[in-house]
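Student: Here are the chains, one letter per residue:
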Amino acid sequence: MRDFYWVVVAVVLAVVVHIVTLIFAPGYVFENNLNRLAANIPINQFFVLPREAQRKIFPEYPQDAIFGICRFDLTVGPVELKASLPDTLWTLTVYSKSGKTLYTVTDQQAGSDTLNLKLAMAPGLLDIFSAKGEDDDDPVASSGWKVLSSDERGFALFWVPSYDQAMRANLSETLAKSSCNRASS
Amino acid sequence: MPRATAKIFLLLCGLFGGWASALYFVDDLGSAAASPNGNWRIWNLGAGTSSNPYAVAHFLLAGQVPPAQSLFWIYTSGRDDDGNRLRSECVYMVSTKNLPSRWWSLSVEPSDIPDATSTPVISSDQIVRGVDGSMIIAIARHPIPGNWVRPAHDGDIQLQLLVSNDGSSQEASSVVLPSVQRVGC
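Chains E and D, in that order, are what the protein sequence lines are.
Reading the first sequence from the start, the letters are residues 2 to 186 in my numbering.
Reading the second sequence from the start, the letters are residues 518 to 702 in my numbering.
Treat the hints with care, since some could be wrong.
Stated by the list, open to error - Over 10 Å on every C-beta distance to chain D, these chain E residues come out as not near it, computed from the model:
hint	residue
1	V8
2	T76
3	S85
4	D114
5	T115
6	G145
7	Q166
8	E174
9	T175
10	A177
11	S179
12	R183
Unchecked claim - Covered by chain D, per the in silico footprint, the following chain E stretches (three or more residues, Cβ under 8 Å):
hint	segment
13	26-34
14	97-107
15	156-164
Said to hold, decoys possible - Cβ-Cβ distance ranges computed for the label pairs, FRET-style:
hint	chain 1	residue 1	chain 2	residue 2	range
16	D	G600	E	M122	48 to 58 Å
17	D	A550	E	E53	28 to 38 Å
18	E	D165	D	L532	44 to 54 Å
19	E	E53	D	E688	32 to 42 Å
Calculated from the structure, these hints are not laboratory results.
Ideal Cβ placement from N, Cα and C applies to all residues, glycine included.
Using the sequences plus the hints, can you model the full thing?
Tutor: The following block contains the structure:
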């Protein structure tokens, strides 16, 4: 009977480790990898991803594709993303630091070659009870899109396909005009 | 003393079993057969599905960004139409007539651990189509006229098809996926 008890403990332990491995290990591995590959990319600043890092993070995309990235940190306040986009296929995906998708939009959905996006922390329980309708006075939220993140860090990722180096240079130039800064309060 | 050893052994089995099963099931439970009679598998990254944690972990553990399900569908196949494993020393013809997508890419990677530094890719921007709209892509170690992708690794390989979801009402399971015929070895 005692042996059976320890077998049950081992099975429960296996289930717990299985779940913990699935929940925490992938995010931890991914964040470490991102930190290593994008170590030179400042926080709250827009960058066209260097080719070397791009090839490692997005091997399934052609090398001439363009990835613009803004690694954001919302601990010091909301971040404002102003994107300049080419008149072609593009996608924007906002990820949490552990790779969870928070928001997506495409050229067809946006219907414009500019995009204003405000990234802010999702309100906590206390904030919800003491909410004051702050968006009424927020020029970015009223003129663009707003994404609330439960994670203080993450990244917004633009993808624009291109099929040769010349096209890549032109599209990169357009995308590089985008900005990602702390939102003025 | 032997009793204590047995308990420690059981606990270690639980720890290792939980960890190993999580890694093992990432591939099995994260993807599902894309069609009843084909070898393509689709990675289900949709939020709220039971396969989601496994599918997301598959990408994150490899240090890759999981594409948003609302923007891209991802299919992989490690076997040809006859069910044989894909080998880098063989010649394959990947053919399809209509991929209903604004953009897609086909990459060839090792079947065990993706190598981000040298994954050959061909995309819809680069492909040469037949007069009837058909597309044939040769996968071979030596050059072949037309669309050609050279595997960068020896041994077992797998194909990864990334299909842009253009917001149409089409389901991922209704995409007619390419056939993979072995021509020779």
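Student: Each of the hints needs a verdict: does it hold here or not?
Tutor: Status of the hints after comparison with the structure:
Remark: the non-interface label on V8 of chain E conflicts with the geometry, its nearest Cβ contact in chain D lying 6 Å away (cut-off 10 Å). Under the 10 Å C-beta cut-off, the non-interface status given to T76 of chain E relative to chain D holds; the minimum distance is some 22 Å. The beta carbon of S85 of chain E sits about 20 Å from the closest Cβ of chain D, which is more than 10 Å, so the claim that it is off the interface holds. Every C-beta of chain D lies more than 10 Å from that of D114 of chain E, the closest at about 17 Å, which supports listing it as non-interface.
Distance check on T115 of chain E: its Cβ is at least 20 Å (rounded) from any Cβ of chain D, clearing the 10 Å threshold; non-interface status holds. Non-interface call for G145 of chain E relative to chain D: holds, since the shortest CB-CB distance, roughly 20 Å, exceeds 10 Å. With a least beta-carbon separation of about 13 Å from chain D, Q166 of chain E lies farther than 10 Å from that chain, consistent with its non-interface assignment. With a least beta-carbon separation of about 19 Å from chain D, E174 of chain E lies farther than 10 Å from that chain, consistent with its non-interface assignment.
With 10 Å as the threshold on Cβ separation, the claim that T175 of chain E sits away from chain D holds: the shortest Cβ distance comes to roughly 17 Å. No Cβ of chain D comes within 10 Å of the Cβ of A177 of chain E; the nearest lies about 20 Å off, and the non-interface call holds. Every CB of chain D is more than 10 Å from the CB of S179 of chain E (nearest about 19 Å), matching its label as outside the interface. The claim that R183 of chain E lies off the interface holds: its Cβ sits roughly 24 Å from the closest Cβ of chain D, which is beyond the 10 Å cut-off.
Counting residues of the segment 26-34 of chain E whose beta carbon lies closer than 8 Å to any beta carbon of chain D gives 6, which meets the minimum of three for the stated coverage. Counting residues of the segment 97-107 of chain E whose beta-carbon sits less than 8 Å from any beta-carbon of chain D gives 6, enough to reach three: the coverage restraint holds. Here's how the segment 156-164 of chain E fares: 4 of its residues keep a CB closer than 8 Å to some CB of chain D, so the rule of at least three is met and the hint holds. Separation of G600 of chain D from M122 of chain E is about 51 Å and conforms to the stated range, judged on CB atoms against 48 to 58 Å.
A hinted range of 28 to 38 Å holds for the C-beta pair A550 of chain D and E53 of chain E, which are about 36 Å apart. The beta-carbon spacing between D165 of chain E and L532 of chain D, approximately 51 Å, falls within the hinted interval of 44 to 54 Å. Checked against the given bound of 32 to 42 Å, the beta carbons of E53 of chain E and E688 of chain D, roughly 37 Å apart, stay inside it.
Comparing the model with each earlier hint shows a violation of hint 1 alone; every other hint is respected.
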